[in-house]
Amino acid sequence: MLGAKVLLVERDDIPGGQLVKQTHKFFGSEKQYAGDRAIHIAQMLLDNVESNPNIEVWTNSTVLGIYEDGVVTVEHDEKHTKIMPKRVIISTGAAEKFLGFPGNDLPGIYGAGAVQTLMNMNGVKPAERVLMVGAGNIGLIVSYQLKQAGVEVAAVIEGMPTIGGYLVHASKIRRAGIPVLTRHTILEAYGDNKVEGAKIAEIDEKWQPIPGTERDIPCDTICLAVGLSPLTELAWQAGCKMAYIRELSGHVPIVNDDLETTVDGIYCAGDVCGIEEASAAMVEGRLAGINAALSLGYITSEAEELRKNAMDELDELRSGEMGNHIRNGLEKLSGYRT
Amino acid sequence: MLISDGVPTIEDIIKITPSDERFAQGPVAIVECFQEIPCNPCVKACKRGAIAMPNDINDIPVIDPELCNGCSLCVSLCPGLAIFIVDKTYSKEMALVKLPYEYVPVPEASQYVTVLNRAGEVLGDYEVVKVMSGGKVNMTYTISLTVPQELVMEVRDIKVKE
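So the protein sequences, as listed, match chains B and A. Oh and the first sequence: position 199 is 199 in my numbering, straight run, nothing missing. Oh and the second sequence: position 40 is 1040 in my numbering, straight run, nothing missing.
Derived from the structure by calculation, the hints contain no laboratory data. All values reported here derive from a predicted model rather than from experimental measurement. You may find that some hints are simply not true.
[As the list claims (entries may be wrong)] In silico DSSO-like cross-links for lysine-lysine, where the CA-CA straight-line distance does not exceed 27 angstroms:
id, chain 1, residue 1, chain 2, residue 2
1, B, Lys125, B, Lys147
2, B, Lys147, A, Lys1136
3, B, Lys31, A, Lys1092
4, B, Lys31, A, Lys1044
5, B, Lys241, B, Lys332
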């Protein structure tokens, strides 16, 4: 938008990250397309990318390394390719966490993201009856989408005493008849070569199962939605200084207000900087892009204003009660800056 | 309790229930949004300015029942599917409730559907009187159904037989 030439490298066969499989409407304000379904936001962004002559897109291509001399290596068209960008923005997103319990290697145990891909990208009904583990926004939303796809959700269980996701999402699935059981854990998955059910139990303050509360949940699929970790391999490999910030869900690159890492010219945006809502990730992407362009001298009359708007939007999204942990995390992160 | 099982308590509901006088005047929106989340499409949705967030987008929406005329525009525009319309003036015995719906199959007018309360419990079978499509972009249906007066503040979802 500010005039810089951009090469967008995407490992998947279409860009768009998680947006392309999220069928629910976004929260936030109209500046982050609130009220629009993520699949429509993704299409709009993809159309913008496609119609912009300054942007080249490589799909099915993986960035392999970022080196001291600025060379970035990419596997593209089945070839090892070297490029020399003036600026790099890492927006690799996050990976789903796994959970340890007996039987967790049985076929039929999925990350919630995989189930969402099967349903909403590939048009495959992924299960008949699901136990969802985790009542954050992903667990709640994917449960809703499973219900929409005609899959029965036996229950959503959550170890914490309170629901972590938005309560409107919880109310939506609860009134559709899906129980949300906080202070519950999965004891084991069982089945003969595939998931046939799970044993769950209520837990006490020390996260220990309370005897006598064990319950059998017959199901053919167990879906794990127990959190995300920033996908930071490239940032580590590129030599960016990292910090462990619990509130940001793990090790994250130390960035300044411009989202630039400790390595000159390398920026980070989105979940790689800390797990947050998608609306904030989109604004961070915009902000990193503006800052990278500004640093290259693409200074237009509107650039400063766009930059300020993006920073104001982030402040607004993070200003409420649900933004507490992000604000605390960013505060800690700022302490690591030199 | 809402925070531990997703079901608003009676106290939560009392807080957002309009007065009997307001109910007697006709349809009104019931905004069942109890948590401060960064979200404000309902404010923009209301052409009459009946929904406000005084500070910023993290506020819990505040509805002015005097400005609200129950038009139902906000029902399909709330991303959280948390707004319902209640009309207690429909008839002496029956009241009208409008709710957002995003499942298949979509019911048709005059069809009987199973109605559910906030905890997903079945309250009986009642008649759909109107089905409004949200269109290709919005995609959320607004379903109007008639239920006994005493159930209208309970019914919040439907189950449609295949």
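Against the structure, the hints come out as follows:
1. Restraint check: the Cα-Cα separation between Lys125 (chain B) and Lys147 (chain B) comes to about 11 angstroms, which is no more than 27 angstroms; the hinted pair holds.
2. About 21 angstroms separates the Cα atoms of Lys147 (chain B) and Lys1136 (chain A), which keeps this hinted pair within 27 angstroms; it holds.
3. With a C-alpha separation of about 45 angstroms, the suggested pair Lys31 (chain B) and Lys1092 (chain A) falls outside the 27 angstroms cut-off, and the hint is violated.
4. At roughly 12 angstroms between alpha-carbon atoms, Lys31 (chain B) and Lys1044 (chain A) fall within 27 angstroms of each other, so this suggested pair holds.
5. Between Lys241 (chain B) and Lys332 (chain B) the CA atoms are separated by roughly 14 angstroms; this keeps the pair inside 27 angstroms, and the hint holds.
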